[in-house]
Amino acid sequence: MLFNSLTFIVFFIIVLTLHYSPLSWRTKKINLLLASYLFYAAWNPPFVILLWISTFVDWNTAKWIQTATSQHKRRLFLLLSMATNLGILGYFKYGEFLLENWQTLMLSFGIEYHVPEWSIILPVGISFYTFQTMAYSLDVYLKRAAPAKSFLDFSLFVSFFPQLVAGPIVRPTHLIPQFETPHYANAKQFGWGINLIILGLFQKVVIADTLLAPSVEAVYNSHDPMSFWDAWLGTLAFSGQIFSDFAGYSTTAIGVALCLGFSLPTNFRFPYAAIGFSDFWRRWHISLSTWLRDYLYIPLGGNQKGSRRTYINLMLTMLLGGLWHGASWNFVIWGGLHGLFLAVERLLRKRVGYAENMSSLWSKLGLGLLTYFLVNITWVFFRADDFAGSINLISSMFGFAPDDAKTPLPTLYIIEVVMVISALVSAHWLMRNTTLEAVYQKSPTWLVTLALAVMAFTVIITQGSGNAFIYFQF
Amino acid sequence: MPSSTSNSENFNAEHQSNAYRIIPDKPFIKMLFIASILLVVGLILWEMLAYKMHHTPGTYQTGFESMWAEERSKLDSPNNIKVVLTGSSRILWGMDIHIIEEHLGSKPLQLALPGTGPALFVKDIVETTDFNGLLIVGVAPFLFNRMDEGYFGKGALDAYNQQSPSGYTGAKLHDFLSDYIAFLDDAFSMPELLERYTQLPYRPGSKKLLNEQWKLGNIYQERLTEMWQPVEQVGSFDNTQITNFWSGGLSRKPPPAKKINEMAQISIEYYKPLIAKIRKRGGDILFLRMPSSGDYLKFDLNSDYYNQMWQPMIEGLDVTAINAMDYPELSSELDTPEWSHLSRKSQDIFSHKIVDFIDQAYQKKRGKSVFELLNLTKAE
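Residue numbers (our numbering), protein chains in the order written: chain A, 1 to 474; chain B, 1001 to 1380.
It cannot be assumed that every hint is accurate.
Unchecked claim - Straight-line alpha carbon distances no greater than 20 Å define the calculated DMTMM-like cross-link-like pairs of lysine to aspartate or glutamate that follow: (1) B:Lys-1154 - A:Asp-386; (2) A:Lys-406 - B:Asp-1025; (3) A:Lys-188 - B:Asp-1025; (4) B:Lys-1253 - B:Asp-1295; (5) A:Lys-442 - B:Glu-1212.
Said to hold, decoys possible - Simulated restraints on C-beta separations: (6) B:Ile-1022 - A:Ser-108: 39 to 49 Å; (7) A:Ile-415 - B:Leu-1043: 40 to 50 Å; (8) B:Ser-1236 - A:Phe-400: 24 to 34 Å.
What the hints assert, rightly or not - Chain A regions said to be covered by chain B (calculated; three or more residues, Cβ under 8 Å): (9) 58 to 69; (10) 88 to 99.
The set of hints was computed from the structure by calculation and includes no laboratory data.
Ideal placement from N, C-alpha and C gives every residue a C-beta, glycine not left out.
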């Protein structure tokens, strides 16, 4: 079910009514669990079984890990959990990719291997909930957390509908305790939750889908070479589209959870005002970057095993982070570029110190714009259909467009992209050291009321065609 | 990734400390109340503007995909459907299913789709259903001979084959609200209005937005479709927008005779087994070439579609066929304001007359009444 759909409005009203009705807390949690399964099944009912498998396996393996008498057994149970979660993820998400690459590898040795037809549909949001449940088993194994006391609470943690399909990826220590005691929103929390829902939907429906997506599609859906300006405008539009789409989902999810009385962590902090790539990853998809840090980078040794090993760990983490987004070499390249930029930044830091500590506004701005420029280069690989398409666009962006390059963007689209991206990047810079809540608090009440009404109005008159959120495919 | 953090000492503190979000201190209830009033006032004004621009309630934007899928699924369950209409937009805009029902005694199922050749759908109906009535296939020159999914074929088939439960309920809710709210018309959404009415200098080589965003008709329940009133006014902005779009496609040269012959042969080979199959189970197929005028008609005449394509195809398939262009009362006496589709009034006239034409053509070709084929009694 999409947040930006009429079905969700009806669904959410029913959920809220049940949540605030005079029922026991346990009954309300059962209602939320059933609602979450319904929310997921609304795409493709059989895939709910995957949620049940993850829930059942991780609930039991965590208990067994906790009670195991030897380290060997603990490791074995953890392996069972990992194999189940990664097995499901691998089968649905990476099966075809692995087979195709195996075929290519065999062909390079002169062996003809025919790949069987692969017509498996990718379950929505599988990477998100898989990582969330894996975090639970890993936390118990690493003795960071005790197993959940209630199967109901744990099941709800795995499938809690506001963040089930596109995050934020929530840690068990954050969410499970909230299910243990009755949680309801007070008037202020509820009001703020509604504000966040409207803001999130505005980001998705108006900015991402209406103002930016047409330019992105005009440039990226064509396989013709693009002019310098069109390549740049299409890519800048994508930078805004993917942010507004994904941050829009997170903001809506946080708002929906808040209306029910639950807190979800912040997932974005004005990433296009980042100075450097480590700063970028502290601001972009925070729940994934911290997951990768806690469950991959640090277990690999982090920066504790010498300089060379640190760089290897960084690169490995980012390559896998790229692959997490999808089964394609383009995502691997995207991750690899981020790993490379992180490594270069680390190297430079050793010589010139932290960029964030620079006193001059202009040097900060310069480095920030350089970061945004490089982030845009990486977005080309993220969005383009294939490697050849990425290289074509990159060539155009660096001024090597052929004479017959296409100029598909009409004047209206150009105006939209320039205005939206300028406003977006400026807003990120103005808010880079603060929070949305703080800015909202400082703003005059009449202004935020008017902004709220205007955002809700534009969401409704835009109508939207029920486009799925980009990150659902991951 | 925040690489500067290299240990997990503060792990639990980090993931628990922000368990409760900071909430700004504002009078939210009052704010939401005022914002709601502003929103309602804005929407009332927007609705008034929609009416002023001839957008009315009851228009279903889901008609090309979700509603098509819904109509198509009627063939899967036990039914008493005797006639199915398929083809492209001309037959969709040309037939009022309720008027046809008056004359035929049975309401046709409307499965035509704009910009989409009928090939895939004829195959789908013949091969995957047990439909044994009359399948009326609308013929629009050259579009009929396209064997691909066209503009809406993929979306419609996807909606039919794999529509999610949420997609289905979303379409139903939208249609329900569309019965009361005019601004829910897809053609009145903000992006479409922006692209249609924003007059900016044309950038050489870019997409022509005016060519892409236009409205030709309204779709009502059971996919009854009619021409949108502003398009009926020849020379109006909306009418000119559409004729300009058609002109783009008609500016190319007609295919050479050899190519047309090849296309005819492909169509014959494609439809022959399908016609045989449906006849075997008691049904039949009838081809109905819909009327056109203006530059469309000129293009068809220049390509000699009638002699090069229509006649060889009809003869090769031995199929009952009506060429509306042969009958002034089905073509030149009717109004096609943008050269390709019948106006609302002409749709009524066409629908009142066509059943008799079908019956006569069928009797001439197959030696029996179409009412006999369909086990229906002719209305007096």
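Query raised in the report: When the hints from earlier in the document are held up against this structure, which numbers fail?
Result: The structure breaks hints 1, 2, 5, 6, 7, 8, 9, 10; every other hint is satisfied.
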